[in-house]
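Line order of the protein sequences matches chains A and B. First residue of the first sequence? That's 1 in my numbering, and the numbers climb one at a time after it. First residue of the second sequence? That's 1 in my numbering, and the numbers climb one at a time after it.
Quick caveat, the hints were computed from the structure, so don't treat them as lab data. A few of these clues could be false.
Identical copies carry no separate label here, and so any pair may be met within one copy or between two of them.
[Said to hold, decoys possible] No farther apart than 20 Å at their CA atoms in a straight line, the calculated lysine to aspartate or glutamate pairs in the EDC-like style are these:
hint, residue 1, residue 2
1, Lys267, Glu300
2, Lys267, Glu81
3, Lys267, Glu423
4, Lys267, Glu187
5, Lys377, Asp301
Number of protein chains: 2
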Amino acid sequence: MNPPTMPLADPTFRHRQVDAMLTVRRSDGTPCAGAEVVVEQTRHAFPFGNIGFDFVALANDEKPGAGRENVFGGADPASAERLVDLWLDLFNTATLPFYWSGFEPVRAHPDTQRLLTAATWFRDRGVSLKGHPLVWHTLAPDWLRDLPDEDVEELLRARIRREVGAFSGLVGAWDAINEAVIMPVFENEEQHNAVTRLCRRHGRIAMVRLAFEEARRAAPEVTLVLNDFDMSTAYECLIEGVLEAGIEPDAIGLQSHMHQGYWGEEKTLAIIERFARYGLPLHFTETTLLSGELMPPDIEDLNDYQVPSWPSTPEGEARQADEIVRHYRTLLSHPSVQAVNYWGITDQGSWLGAPVGLVRADGSTKPAYDAIRGLIKDEWWVPATALRTGVDGRVALRGWAGEYTISGLGDTRSFELSPGTTEVEVTLTA
Amino acid sequence: MNPPTMPLADPTFRHRQVDAMLTVRRSDGTPCAGAEVVVEQTRHAFPFGNIGFDFVALANDEKPGAGRENVFGGADPASAERLVDLWLDLFNTATLPFYWSGFEPVRAHPDTQRLLTAATWFRDRGVSLKGHPLVWHTLAPDWLRDLPDEDVEELLRARIRREVGAFSGLVGAWDAINEAVIMPVFENEEQHNAVTRLCRRHGRIAMVRLAFEEARRAAPEVTLVLNDFDMSTAYECLIEGVLEAGIEPDAIGLQSHMHQGYWGEEKTLAIIERFARYGLPLHFTETTLLSGELMPPDIEDLNDYQVPSWPSTPEGEARQADEIVRHYRTLLSHPSVQAVNYWGITDQGSWLGAPVGLVRADGSTKPAYDAIRGLIKDEWWVPATALRTGVDGRVALRGWAGEYTISGLGDTRSFELSPGTTEVEVTLTA
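Throw the hints in and build the complete structure from the sequences for me.
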């Protein structure tokens, strides 16, 4: 299970950077010697994600109270409008909601068109997309409950093929199955749902196989994530069973809703190292840090904590700003971490009403917004930088993996720095 | 994973009883009509077990301080002598200690002969035997630590073949692997042991496969148990991975050291039902109930709780007597439970010095001894019972699965009532 060499954390982030020689040529192919060029990063290769729930209604031009609010909340269209630039300035990957009961409230009437519109809206703004989740016991539709297991399984398989197929080319990654560890023994509901029933009957690994099998068949090129909130040995045991069964997740998803307090560097790294040993990329799929009072530690299912109001406080906002920077530094310091997804841009309509956003309900930014921006768009970013090419038209470049533009001779071209890139050639037309 | 019909608990214990027609014949084969016979149970088919650690030294005629005390303690030979009858009156199955570091303190010098003597001592007294454990990270020998993984694996495999092979015909059941859930992440030790290292490298399921593969090959007829203290979903996930991997445990072992308090009927049944759904027999392998102060609930690894003295108290003994009866009633009420092993006959030299015994350190019996005896040898026992055969020499019999004698016409014969037995024939020679 341990890869021969376990990747280790490196707080200098060198593993996130690329060293390349840039050769600049004129349209006639001759080296552009001794020229002043300006290189500037335009996008991170690393997926800095957030949920895109808030923009589904906006992208669909829905009026407030159109009755199509997301089952997991989100900002109203008017507020969302004011969040667009803030969101796009920080994030390059959006998670879209495919909760079955919200996506297909009435059997055979899926919300495909509305989500396609939202996905296209993001795509047109240069944002990559992830779908969440394909298989989950929570938010399984009520109309499923009374059907026999055989029908539930066939409908579940068909739903996976339908969603993955319809969004192929738009949605590049999916949480194939969510919270399989608790799935067959989940009891925090008034009536048992049909997915838990099916999982209890066939076992967790059979459910994981079902999810990956159908999704892989529907779109072999997409990234399929095994996602869970359970960071205990239970998840290790599940993963080891899944791998022994020959199922091949593209990444291990680790939720990190920290409503009960920031984990701290030590615990976070310990978790990363425990799950990194399977040699698969780690995706931090659901990260939240509060800017208000913490949830009491004795709450087991976060959904059980219901409060009338959960304000963001000045002390909480200072703490959140400090913790989000420490958390992202810790995550990116480990080479196994290949995606980080924050769970909420705004407090408005947030899960449980918790002050998890980087923006307050009134639309003003919290200190955490500027703090995380300081990493993503400043410390980990190559601003417009003037360089002079040598006599051979070459110049050395070190940058964060991502997309760049180079300007000179009155022309501007774009190029990519990918991990492993050593040589880049661009031609500028005078 | 769920068998089509899940067995349910039945507090009347009917599933433990056998209804059979007994036909009594004379030596000439004619039915023994209208005869008065006396039927009496002599042994339970159900394995009522306890550890036999205390009797290893006694069986080997060792003097106190012979320096061969068991790594997990036990009574000195003189005290053990006084415990023999108390032990044999209640229990029909003994667990013998095969902790690797104690069994082979010096490489290539295993304690085989000493344990063979102990096993034979029990066998000669009508006691079935179980070995504990073949693979475990705790009490792995120190001399293993600095060897390369390849050697550790080969030595581990050879050790399994050696022990299972040498005791074949004597030891009918083994804990093939112990505590695999925590095995690869076990850290509560000064120096990491070699078994944890190997498990971390190859994964839990590979280690479980190794244990069952070697033990099965060495003695195909023995019962092989997957044993753990972890009653959480982690163990479920491990079991599901093991089953999906095609490994076939004969039973799922559930430890139940209740140093921090009796589980109660509800929790116990919930655990039984969660693990019964895999359709395998459940063995309660390590049951303890205290007759003194409880261990604080915040202790995670019971081994961390070290106290100078841990007395048995009158209140504690009353509580223990009540709880052991409730616990055994709960366990035997569920058809999936097919073995119960208590962990300690005496407080003398008990694990952690805890007052878990049914007998005090001074050799006197606690109320729990009489209480559990009231179940095993009274409520769940068929005492000498006079019956009169009909004209056809037949008489109906209901009894607990086990061994019986029948006396009449000045002769005594033995017979068995096994689950499913409907007809029994005995011939009495006048």
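Taking the hints in turn, this is what the structure says about them:
1. Lys267 with Glu300: Intra 19 Å, inter 17 Å, cutoff 20 Å: intra and inter.
2. Lys267 with Glu81: neither (38 Å within a copy, 52 Å between copies)
3. Lys267 with Glu423: Classified as neither; 39 Å inside a copy, 64 Å across copies.
4. Lys267 with Glu187: between (28 Å within a copy, 15 Å between copies)
5. Lys377 with Asp301: For Lys377 and Asp301, the Cα distance exceeds 20 Å both inside one copy (35 Å) and across copies (46 Å).
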